[in-house]
Amino acid sequence: DTAVSQTPKYLVTQMGNDKSIKCEQNLGHDTMYWYKQDSKKFLKIMFSYNNKELIINETVPNRFSPKSPDKAHLNLHINSLELGDSAVYFCASGFQGGPYEQYFGPGTRLTVT
Amino acid sequence: GDSVTQMEGPVTLSEEAFLTINCTYTATGYPSLFWYVQYPGEGLQLLLKATKADDKGSNKGFEATYRKETTSFHLEKGSVQVSDSAVYFCALSTNTGNQFYFGTGTSLTVIP
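Chain order of the listed sequences is Z and L.
Numbering follows the working numbering, with no gaps: position 103 of the first sequence is 103.
Numbering follows the working numbering, with no gaps: position 80 of the second sequence is 80.
Note that these hints are calculated values from the structure, not bench results.
Quantities reported herein were computed from a predicted structural model and do not represent experimental measurements.
C-beta atoms are modelled at their ideal positions from N, C-alpha and C, and glycine is treated no differently.
Where hints are given, some of them may not hold.
Residues from chain Z shown here face chain L by an in silico Cβ test under 7 angstroms; the list is partial [stated by the list, open to error]: (1) Y10; (2) F90; (3) Q102; (4) F104; (5) G105.
Based on the provided sequences and hints, a complete structural model is requested.
If you want it as structure tokens, here you go:
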């Protein structure tokens, strides 16, 4: 069974469009994350939700808006896509507090043309 | 603030060579330390972890020891295989676990 799943796996779109990426975890974790990985493999945290409450909101353009309908889902909506948004976006989940690892989804490769 | 510094790559080794990837950290309190591996086209997978000083994490022939005195968590493997070719990330988790801090990743290529 898939632990952390993301859809779609690939997303190709034009500048100016709006798109969403969905994430679901079936591990019973209370915290979910969005990361952006650039072409040099650098991993940057964007957002984190704990029990549907936003707890980490790094400096990202406000064109990016996360939404967590429940603690098993965390979606990422991106408005007015730009070329620089092209990257791989990873969802992850874990337990807040204590020495717990994060579990990552397979990633969504976003290409903006 | 909390951070992880990881040796830069890329690293290229011949099969059966010894691998070391250096990782040092800065943290207040007593963090937990992790190594993740990312195979091409995939997400990150936990490779091993250590949650307190002098703990040794191990998995698939890889080892790392949590050294508080040198604030290090170096990854080692005695004999690498072609299938170990991947990007390796060192990471730490704070006491509260609110956030992970990842290193910049080290790309490893193992040639036959």
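- Item | Status of the hint placing Z:Q102 at chain L (closest C-beta pair under 7 angstroms) | holds, 6 angstroms
- Item | Z:F90 as an interface hint toward chain L, with CB separation required under 7 angstroms | holds, 6 angstroms
- Minimum Cβ distance from Z:Y10 to chain L below 7 angstroms? violated, 11 angstroms
- Message: For the restraint on Z:F104, tell me whether the closest CB of chain L is nearer than 7 angstroms.
- Response: Status holds, d = 4 angstroms.
- Task: Tell me if Z:G105 is really an interface residue toward chain L, meaning its C-beta lies closer than 7 angstroms to one of theirs.
- Result: Holds, because the Cβ-Cβ distance from Z:G105 to chain L comes to roughly 6 angstroms (cut-off 7 angstroms).
In summary, the structure is inconsistent with hint 1 from the numbered list given earlier, while agreeing with all the others.
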